[in-house]
Amino acid sequence: MDVLFFFEWLDTSLLADISKAYGGVFAMIQMFHLLALALLGGMVLVADLRLLGVLLKDVPSEVVCESTNKWFNLALVVLILSGVFMGSAVAMKIYYNEMYWAKMTALAAGIVFVYAIRRPLLRFDHSTINPWTIRLVAVSSITIWFTVAACGRWIGFS
Amino acid sequence: MLNEWLMSFALWLDTHSWSTQLHESYYMYPWIESFHVLTIMIFLGMLCVIDLRMLGVAFVKVPASKIAERLDMPMMIGFVLMVVSGFVLFYAIPVRFTNSIWFRMKVILLIAAGINAFLFRAKMQASTDSWDKDRKPPRRIRVGAGMSLALWSGVVVTGRTIAYDWYDCHRQLSYFMYWVAGCVNELAALDNG
Chain A
1 MDVLFFFEWL
11 DTSLLADISK
21 AYGGVFAMIQ
31 MFHLLALALL
41 GGMVLVADLR
51 LLGVLLKDVP
61 SEVVCESTNK
71 WFNLALVVLI
81 LSGVFMGSAV
91 AMKIYYNEMY
101 WAKMTALAAG
111 IVFVYAIRRP
121 LLRFDHSTIN
131 PWTIRLVAVS
141 SITIWFTVAA
151 CGRWIGFS
Chain B
1 MLNEWLMSFA
11 LWLDTHSWST
21 QLHESYYMYP
31 WIESFHVLTI
41 MIFLGMLCVI
51 DLRMLGVAFV
61 KVPASKIAER
71 LDMPMMIGFV
81 LMVVSGFVLF
91 YAIPVRFTNS
101 IWFRMKVILL
111 IAAGINAFLF
121 RAKMQASTDS
131 WDKDRKPPRR
141 IRVGAGMSLA
151 LWSGVVVTGR
161 TIAYDWYDCH
171 RQLSYFMYWV
181 AGCVNELAAL
191 DNG
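Chains A and B are the protein sequences, given in the same order.
Just so we're aligned: the first sequence equals residues 1 to 158 in the numbering used here.
Just so we're aligned: the second sequence equals residues 1 to 193 in the numbering used here.
Hints should not be assumed to be uniformly reliable.
To be verified - If you anchor each label on the Cβ, the simulated ranges turn out as follows:
| hint | chain 1 | residue 1 | chain 2 | residue 2 | range |
| --- | --- | --- | --- | --- | --- |
| 1 | B | Asp134 | A | Phe5 | 51 to 59 angstroms |
| 2 | A | Trp101 | B | Lys136 | 40 to 48 angstroms |
| 3 | B | Gln21 | A | Asp125 | 51 to 59 angstroms |
| 4 | B | Val80 | A | Leu4 | 42 to 50 angstroms |
| 5 | A | Phe5 | B | Lys133 | 42 to 50 angstroms |
To be verified - Below, computed lysine-lysine pairings styled on DSBU-like, alpha-carbon distance capped at 35 angstroms:
| hint | chain 1 | residue 1 | chain 2 | residue 2 |
| --- | --- | --- | --- | --- |
| 6 | B | Lys66 | A | Lys70 |
| 7 | A | Lys57 | B | Lys123 |
| 8 | A | Lys70 | B | Lys133 |
| 9 | A | Lys70 | B | Lys136 |
| 10 | A | Lys57 | B | Lys136 |
| 11 | A | Lys57 | B | Lys61 |
Derived from the structure by calculation, the hints contain no laboratory data.
Just so it is clear, CB atoms sit at the ideal spot from N, CA and C, and this is done for glycine as well.
So here's chain B without its partners, still in its complex pose (with noise of 0.2 angstroms):
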């Protein structure tokens, strides 16, 4: 059913003709990606002095909620940056991406991480004072920044083996893992033959 409305929804995209020629563009593509991968370097780079600073090991000197308070910005315009570039080039390829199952794993892991900031945030606010000139912070804030640069170690990867057509719908896989990455007119010939 999700699968079904998914894949409407990225043939319906496919169609829009901006796609097709965003895709089939000598530079535009190349620049936008590169554009993407760049952005790491402000948004994880960012992510990484905040989680390194909480893990107790880099920027020991410097209390942990001014590192926190004052990178958020700047790392919040590297999310909005790759975010944005992250969707022109899902535009550019929609059914691709659609049925990628490194997208849908980078997809699930980008909102687990967004969870886990969300919850280490309202932690960290909650108790900064009594730990805020320490150089190591107490064992759940430390979890919480393991957890974000695994969780984002894991959208890295992901987003990097999208390129690799392993599992892509014209390979012969098996039934779940063509479930699991959405190929419905694979799986309507399985269900029909």
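Chain A on its own, in the form it takes in the complex (with noise of 0.2 angstroms):
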């Protein structure tokens, strides 16, 4: 399935005509996208950390988790809205960035891993769960999340 079509869509679109002329308000979103990502970066840590026996170690694992997951939705809608909006400033450009595919691999690997595997998995008592595939898990958590951002912030070094 080619995309093409999608890229070329938001390369015209009005998103594309504000995005292109205005640099304060392409920085003003850019902001939301950098702060957003502070957000799903500490609740990705905390969680993780805290399933790595690293971090508040007398908060059982399941209140830590539980209570990341909210505010981890949040950051990661606020990033994909404001993703697409930086995204359609530069939309061709992208589309035939090796980088941006990269990120984009990454970000789906993510999103299956978190809502597929993680979730489902952290819902059992964490005590019955084998503490390896606990590891496995928090290492592949803070690994993919920051190659998400990694190859975000290369996408403009490309």
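Could you fit the two chains together into a complex? Lean on the hints.
Next up, the structure:
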């Protein structure tokens, strides 16, 4: 399936009219993208470092993970919405950019990982889960989300 | 006076061969800059968790002081990594950063965020016992947390806008803007012209 049509549409959409014409608006939206990145990073790190037994050891890991879910969702939604806006300014550039597709691949993997694997698994009492499974989940989660962020920054350099 | 002093300091840094090599490196500068951006996830991430707890909207089942104390260490690790990589980035391009109004605003916001954090910490430690387990901390604590998030948002946006050259010295700017950006050569040209 070729998704070129989506990028061609985005490139001439109203969003692109705004994002290309007003650098200040673009910078403000990008601020939200970066703040949501901070929020997502904080939630991922607090939950995963708790699962690894590094942080907040005297708070049940179920409580820590559950407290982060809502904020992770919010951060992800803000990141995707602001990301589409930012993408509209350079839609044809990113369509042909390998780093952009690396980021989208990592992002897709991250979303599947969180909603299809991590959350369903961690809904069980954590003491009944193999500790190595928990560690693997935590390390995978940190790796995936830092990869997404790093690829995102690198789009600008490539 | 201050502008001249800052400029001569930047010009002095600029004579270092390491500074030039970093600036002109193909991969090293982007790597350090990516690292600097990713430390947002550690430092500002932990800060977000603490401030959202102090606003009474996240981690309400965990005592506020516990969140603040336990996340302090990872937050400070993130802060140190961020500051060190930030200094390296400045060292690589000292003159342009010194003459950037965004960079100047960022430094002022950083100082303001630092003062806010210092006052906030003192206020919190003086009174945690009375509200530690409350879902919603008292108003003065919530105001401090809100200020912290607002100031750091400002640091992020001014940090990002350094990349734009809208108000760089090579642009046609007013005398005031040249002064704010510290464009000493352009100011001298206007004074003599």
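Now the hints, each set against the structure:
| no. | hint | in the structure |
| --- | --- | --- |
| 1 | Asp134/B x Phe5/A: 51 to 59 angstroms | holds, 53 angstroms |
| 2 | Trp101/A x Lys136/B: 40 to 48 angstroms | holds, 44 angstroms |
| 3 | Gln21/B x Asp125/A: 51 to 59 angstroms | holds, 55 angstroms |
| 4 | Val80/B x Leu4/A: 42 to 50 angstroms | holds, 45 angstroms |
| 5 | Phe5/A x Lys133/B: 42 to 50 angstroms | violated, 55 angstroms |
| 6 | Lys66/B x Lys70/A | holds, 20 angstroms |
| 7 | Lys57/A x Lys123/B | holds, 26 angstroms |
| 8 | Lys70/A x Lys133/B | holds, 21 angstroms |
| 9 | Lys70/A x Lys136/B | holds, 18 angstroms |
| 10 | Lys57/A x Lys136/B | holds, 23 angstroms |
| 11 | Lys57/A x Lys61/B | holds, 15 angstroms |
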